[in-house]
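In full-length UniProt numbering, the protein residues as written are 1 to 198.
Quick caveat, the hints were computed from the structure, so don't treat them as lab data.
Every residue gets a Cβ at the ideal spot worked out from N, C-alpha and C, and that includes glycine.
Hints should not be assumed to be uniformly reliable.
Unchecked claim - Straight-line C-alpha distance at most 25 Å; calculated SDA-like pairs for lysine to any residue: (1) Lys166 / Gly43; (2) Lys100 / Phe158; (3) Lys166 / Tyr98; (4) Lys82 / Ala57; (5) Lys178 / Tyr162; (6) Lys100 / Pro34; (7) Lys76 / Lys116; (8) Lys178 / Val191.
As the list claims (entries may be wrong) - Computed Cβ-Cβ distance ranges for the label pairs, DEER-style: (9) Asn132 / Lys105: 15 to 21 Å; (10) Lys100 / Ala179: 35 to 41 Å; (11) Asn132 / Gly43: 32 to 38 Å; (12) Gln143 / Ser104: 16 to 22 Å; (13) Gly43 / Ser153: 34 to 40 Å; (14) Asp120 / Pro97: 30 to 36 Å; (15) Leu187 / Val113: 28 to 34 Å.
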Amino acid sequence: MASAIPRHPHRYKQNITHNARISAKILAIAKNYPASVGRILWGGPTQYFDCTGTVIATENRNVVCTAAHCCYDSIKNTFYDKQNWIFAPQYKNGNSPYGKWTASKMYIGQAWVTNKGYYDADICLVVLSQLNNKRIADVVGAQGVGIDYPRGSVLISFGYPYDAGKGEEMSFCKGTAKAAKAYVGFLGQMVACTMDED
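From just these sequences and the hints, can you work out the full model?
What follows is the structure in structure tokens.
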């Protein structure tokens, strides 16, 4: 897993680049990071890609939320191979203390398939296979899901940025939610952060 290659499909505005300097005040290596957040890796046999995922509170206690571009190959118009797609909760420097969980089912909205690169639809829900007869949320806990939070709310974003630690350590940004300006046409909100999560 340490040889994963970061995926960078994002279209940044001109003033925001992949090589943007990381602000120590905004980005920090997480010390007590949540076990419900982990690194996603897929691909093989010679090349892997990575993203960040979060276990979310659902009735079946076995769902990870991530970006659609981490589940669906828009060039081939198909989902990535579920058996080579793993979620490693609280991953750090090649170690996954809670095991490696494979995907059972993946769900994305039709808007992502139809409008490639439409970041308002860049979401994927992944039902994981059980590991040792256990469901992921019973092992690592889960995060709640909030929709349409007002701007001005304080948010924390966790991820595995390539910019800091080569994607091997979880980092976070904390700040006030504002209108997103990083992606052209994106209607959502974001926290001021130079962390490039994938």
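Against the structure, the hints:
At roughly 18 Å between alpha-carbon atoms, Lys166 and Gly43 fall within 25 Å of each other, so this suggested pair holds. Under the criterion of a C-alpha separation no larger than 25 Å, the hint pairing Lys100 with Phe158 is consistent with the structure, at around 19 Å. With a C-alpha separation of about 21 Å, the suggested pairing of Lys166 with Tyr98 holds against the 25 Å cut-off. Of the pairs offered as hints, the one joining Lys82 and Ala57 holds, with about 21 Å between alpha carbons and a cut-off of 25 Å not exceeded.
Simply put, Lys178 and Tyr162 have alpha-carbon atoms about 24 Å apart, close enough for the 25 Å limit, and the pair holds. A threshold of 25 Å between alpha carbons decides the hint, and for Lys100 with Pro34 the separation of about 16 Å falls inside it, so the pair holds. Between Lys76 and Lys116, the direct Cα distance comes to roughly 12 Å. Compliance with the 25 Å bound is thereby established for this hinted pair. Between Lys178 and Val191 the alpha-carbon distance is near 6 Å, which keeps this suggested pair within the 25 Å criterion.
One distance hint, 15 to 21 Å for the beta-carbon pair Asn132 and Lys105, holds here, with the actual separation near 20 Å. A hinted range of 35 to 41 Å holds for the C-beta pair Lys100 and Ala179, which are about 37 Å apart. Separated by about 25 Å at the C-beta atoms, Asn132 and Gly43 break the suggested range of 32 to 38 Å. About 20 Å separates the C-beta atoms of Gln143 and Ser104, a value consistent with the hinted range of 16 to 22 Å.
Distance hint for Gly43 and Ser153: a CB-CB separation of about 35 Å, consistent with the stated range 34 to 40 Å. The hint said 30 to 36 Å for the Cβ distance between Asp120 and Pro97, and at roughly 35 Å that hint holds. Judged by the Cβ atoms, the range 28 to 34 Å given for Leu187 and Val113 is violated: they are separated by roughly 19 Å.
In the structure shown, a violation is registered for the earlier hints numbered 11 and 15, in ascending order.
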